[in-house]
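Chains as they are written, first to last, in our numbering: chain G, 5 to 173; chain Z, 5 to 173.
Worth double-checking, as some hints may not be accurate.
One copy or two, either will do: identical chains are not told apart, so a pair holds if it fits within one copy or between any two.
Using 35 Å as the maximum straight-line C-alpha spacing, the simulated DSBU-like pairs for lysine-lysine come out as follows [to be verified]: (1) 161 with 105; (2) 28 with 161; (3) 66 with 154; (4) 122 with 28; (5) 111 with 161; (6) 66 with 161; (7) 35 with 161; (8) 105 with 154; (9) 122 with 154; (10) 105 with 122; (11) 105 with 66; (12) 66 with 35.
Since the hints were derived computationally from the structure, they do not count as laboratory data. A quick note: this is a predicted structure, and the numbers were derived from the prediction, not measured.
Number of protein chains: 2
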Amino acid sequence: MEHEIALLRETELFSELTAEQIAKILSIARKVNFSEGQIIMREAEDGDTMYIILEGTVEVVKSLVMGDPDEEADEKSKVFTRLDASDHAVFGEVGLFEAMKRTATIKTVTQARFLEIKRSSFLRLTDADHELGYRVFFNLAKIVSGRLRKADEDTIKLTTALSIILRES
Amino acid sequence: MEHEIALLRETELFSELTAEQIAKILSIARKVNFSEGQIIMREAEDGDTMYIILEGTVEVVKSLVMGDPDEEADEKSKVFTRLDASDHAVFGEVGLFEAMKRTATIKTVTQARFLEIKRSSFLRLTDADHELGYRVFFNLAKIVSGRLRKADEDTIKLTTALSIILRES
Chain G
5 MEHEIALLRE TELFSELTAE QIAKILSIAR KVNFSEGQII MREAEDGDTM YIILEGTVEV
65 VKSLVMGDPD EEADEKSKVF TRLDASDHAV FGEVGLFEAM KRTATIKTVT QARFLEIKRS
125 SFLRLTDADH ELGYRVFFNL AKIVSGRLRK ADEDTIKLTT ALSIILRES
Chain Z
5 MEHEIALLRE TELFSELTAE QIAKILSIAR KVNFSEGQII MREAEDGDTM YIILEGTVEV
65 VKSLVMGDPD EEADEKSKVF TRLDASDHAV FGEVGLFEAM KRTATIKTVT QARFLEIKRS
125 SFLRLTDADH ELGYRVFFNL AKIVSGRLRK ADEDTIKLTT ALSIILRES
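If we strip away everything but chain G, and leave its shape as in the complex, we get (with noise of 0.2 Å):
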């Protein structure tokens, strides 16, 4: 339990949450294990769930190109990264709020075992608790707008490399 306060304190969406209020979000998480090899989340399917990992490593997997997400392990598929405990990693926080797609596939790489929040027990206590809403959704603006800057920042990137070549062929 103390590492487990330690451990959510860590990550940057329960970031300045107090301990009482890491409490109350460890009383509606529950531990799943999952053995190697297998997909926690897939990409462009619903999902409605946000993971912590607690022991483990897992590999993101994102398309870079449109096509059949399914189609594994093609030059269509990229391996972005892999993650372990020690990164503090959450995927899929934004299933905590709405009905969005998936952005990547998951997968694990060793045996692994994650903390699993569901979206309806999680609006359930911050409809409750509004400061702790409060301080999550402040928390969850931030990751979410640090990515779009990124986004647009690729895109210009992008857009730019297009307008070259195109400009040169």
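Chain Z: place on chain G using the hints.
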């Protein structure tokens, strides 16, 4: 006042707020007037204010390729769209909670009147009223994640276009 309450409730940012909560938002907003052709915010500059159009029309301009954002009206910039009060448009809302560069230039194309909200007043209000803070940051997280989804789709389209061109050349 009644008109402004109605208008604010039509925005995605302040949707589902009570009339009392909207009145609190209005109490920290000030009305500002701009003449035709004025720049409200400039891409790539810092900003800690948000604007809601009350009257008039603006143009939203965003660079599509890398380059000097100050170079105006060349092929590097593209007019995205014109917006007026009937669009319930809000600009710069990310500036309400963190120090981020503006992602577009907003320019008036008529005389225009806005509500302006500053980050410091906004955060003072949400820190004092967690229920209000929870609701607004919930909306903010949704707004930003909608934009992120759109940006991710753009990235995949651009990468696909690039890969097709590179394969054929």
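Results of checking the hints against the structure:
no., hint, in the structure
1, 161 with 105, "both (25 Å within a copy, 17 Å between copies)"
2, 28 with 161, "neither (42 Å within a copy, 41 Å between copies)"
3, 66 with 154, "both (15 Å within a copy, 16 Å between copies)"
4, 122 with 28, "both (14 Å within a copy, 33 Å between copies)"
5, 111 with 161, "both (29 Å within a copy, 25 Å between copies)"
6, 66 with 161, "both (18 Å within a copy, 14 Å between copies)"
7, 35 with 161, "neither (41 Å within a copy, 38 Å between copies)"
8, 105 with 154, "both (19 Å within a copy, 12 Å between copies)"
9, 122 with 154, "both (27 Å within a copy, 25 Å between copies)"
10, 105 with 122, "both (15 Å within a copy, 34 Å between copies)"
11, 105 with 66, "both (13 Å within a copy, 27 Å between copies)"
12, 66 with 35, "within (25 Å within a copy, 45 Å between copies)"
The structure is inconsistent with the numbered hints 2 and 7, although it conforms to all the rest.
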